[in-house]
Amino acid sequence: MSSSATLAPATAGPAETGSVPQGRPRLVRAELRKIFTTSTWWLIGLFILISTGLTLLGNILNANQSLRAAEQMRSHPPDFSNLPPGQRPSASEQQAILEDFARRTDIPAIVAEQAANVFTSGQFLGLMLIVILGALVVTNEFTHQTATPTFLTTPRRTRVIVAKLVAAMVLAAGYWLLSTVVSVGFGVLNFSLAGYDIPFASMQVWRPVAMNLLAYTIWAVLGVGFGVLLRNQLGATITAAGLYLIGLPSALVVFGLIHAYLIHSDAVWNFIVAVPGVASLVMVSVEPPTFGPDQTGVPWWVGALVLIAYGVVAGVIGTLITRRRDIS
Amino acid sequence: MDGQLVVSNLTKVYPKVRAVDDLSFTVQPGRVTGFLGPNGSGKTTTLRMMLNLVTPTAGTATIGGVRYADLPRPLDVVGAVLEASSAHKGRTGRNHLRVLCAAGGYPDRRADEVLDLVGLSPAGGRKFRGYSLGMRQRLGIAAAMIGDPKVLILDEPANGLDPEGIKWMREFLRAFASQGRTVFVSSHLLGEMQQLADDVIIIAAGRMVAQGTVSDIIASIAEPGAVRVRTPHVDQLAVELRNYAVTLDYPGENQLIVRGVDAATVGRAALAAKAELHELTTEAPDLEQAFLKLTRDKAAIR
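Those sequence lines, one after another, are chains A and B. The first sequence begins at 634 in the numbering used here and counts up one residue at a time. The second sequence begins at 9 in the numbering used here and counts up one residue at a time.
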């Protein structure tokens, strides 16, 4: 680096900018470029692949186990004829037992449910990585002091934070695709090798996969919100990941206590969907998951609405804080 | 739009300190203006308020009559270098600039052009982590030059630079100002500014202390220089100098330090005394001492 070669600033200005995208798309492009010019993108991708693979393995084993159990049960239907007449259940009782048997051995329904579970294998640990990604999109700016050039280039900070939200959602969708391709690929292979037809025409299979995409994008938004609130990189990522992981267990404890001491109605359990991690789980489940005895569970769309509400709140708070904050 | 900077009644109050207190000044294009003050006097806060990074408690700052936040394409107007390490450690210098090009709406090749401009092209593909402080400052200048701006604002650019880096920086900024553009550069070293700046603004404890051209400021704050004389006829010269209002020191054999008159007067006195002169020099006023004296009382730790 010699000093003599570099004396005068160029007299020529930057050339015409007609071919360069203007407005917000260019800010999203800049945000995506920030991710793709560091090792973050492939590290997150690698972790998503590993965590999807591990969960996928467990879910496939679990699916095959359920199907084997159902097949076994189906080969031994309830037979009331060899019971002594005095011990036979009444006609209505027999009817109920037969209905229960039919439900538990409804192989196509079990295949659909298990397929949905296998196809969304990327959710549990994937969402944790996505919330970390969202936090990194913001905290990187403060850790590496790039907030200064970023806001010098774009003094209208709302645009910057909106671009970050969009970029984080785009990235999350990409990782969802990666995780889904792996899950669906190996899942289909497994079910067809075992000789089961996956009801691809059924929304029962695709709705959870689509809702998993929604969960990925919204957790990215939540991550951005975390990053704005806690600028410290380590603090933001650990808090976000930790809250995600302990969200369900601690919610179970809290709601258990509420149910035991305050409100004895089983309907209390339905409000556990207010916990973001539970909402994401509800969204991608075929049957509403239940956490307490006699709980009816809430439908998937309630989970989706709850998560969207969290996303909107995180985005708005993040934008407002960023607009007011001094960058020093 | 010209590149005049106007700061009016700018004030920043933090819960425990008035970092900047009713500061007003203008900075003219075509000149290098130094922004001087002890550490912690509010220089950085002032620069950041001018650039919309810190919200003022009161007052305004405009660039060519427009607030920074209202500039449609700010990099076309102002280039700023505020921190020596404003880049991701794991990103290459070229990619750092390309990110800014994308955000500002400039073509990617502009990144290569500004790398070339600051002599950093060979290191463009290396990660920022491996850059020396001098290279980091050059990358900061490269980023500031992306929009080929009318104004450069720099916060302590010489901090940590080696003599070659400081020389490069000085020549770069002088060349920039000579094209009719504005350079506003902060420093806590008056000596450095004396070599670089045309005008200076001096603040302490967030308040204006002095502003004007460098020579005016120096004339107003510096003690008149002492005249050092070497002569084999010290006694004759000393007798002759009693005709003037001077104080004399005798630092060594055949030497005399004269205070109170200039070198020409001493030379005339020597001629009259028929004293043979071996040396006659004016010692430069101690700028740093004068600057410290000017800001001392106001620059207590706040």
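Please keep in mind that the hints were generated in silico from the structure rather than gathered at the bench. Given the structure is predicted, the values throughout are model-derived calculations rather than measurements. Just so you know, even glycine gets a beta-carbon here, dropped at the ideal spot from N, CA and C. Any given hint might turn out to be false.
What the hints assert, rightly or not - Example chain B residues on the side facing chain A (calculated, C-beta under 7 Å, incomplete):
1) Phe33
2) Gln36
3) Arg39
4) Val62
5) Val74
6) Pro82
7) Val85
8) Ala88
9) Leu90
10) Ser93
11) His96
12) Gly98
13) Arg99
14) Asn103
15) Val107
Comparing the hints with the structure gives:
Using the Cβ-Cβ criterion of 7 Å, the hint placing Phe33 (chain B) at the interface with chain A is not satisfied: the shortest such distance is roughly 21 Å. A cut of 7 Å between beta carbons decides the hint on Gln36 (chain B): the least distance to chain A is about 18 Å, and the hint is violated. About 16 Å separates the beta-carbon of Arg39 (chain B) from the nearest beta-carbon of chain A, more than 7 Å, and the hint is not met. With a least beta-carbon distance of about 4 Å to chain A, the hint placing Val62 (chain B) at the interface is held under the 7 Å criterion.
Contact between Val74 (chain B) and chain A, as hinted, is not supported at the beta carbon level, the nearest pair being about 11 Å apart and thus beyond 7 Å. A cut of 7 Å between beta carbons decides the hint on Pro82 (chain B): the least distance to chain A is about 6 Å, and the hint holds. The interface hint given for Val85 (chain B) is violated, since its Cβ lies 11 Å from the closest Cβ of chain A, which is over the 7 Å cut-off. A least Cβ separation of about 6 Å between Ala88 (chain B) and chain A falls short of the 7 Å threshold, and the interface hint therefore holds.
Of the supplied interface hints, the one on Leu90 (chain B) holds, with its beta-carbon coming within about 5 Å of a beta-carbon of chain A, less than 7 Å. Below 7 Å, beta-carbon pairs count as interface contacts, and Ser93 (chain B) has one with chain A at about 6 Å; its hint therefore holds. The interface hint given for His96 (chain B) is met, as the beta carbon of that residue sits about 4 Å from the closest beta carbon of chain A, less than 7 Å. The beta carbon of Gly98 (chain B) is positioned within 7 Å of a beta carbon in chain A (closest approach about 5 Å), and the interface hint is therefore held.
Interface hint at Arg99 (chain B): satisfied, since its Cβ lies 5 Å from the closest Cβ of chain A, which is below the 7 Å cut-off. Hint status for Asn103 (chain B) relative to chain A: holds, with the closest Cβ pair at about 4 Å, below 7 Å. Because the beta carbon of Val107 (chain B) sits about 5 Å from the nearest beta carbon in chain A, less than 7 Å, this interface hint is met.
Checked against the numbered hints given earlier, the structure breaks hints 1, 2, 3, 5, 7 and satisfies all the rest.
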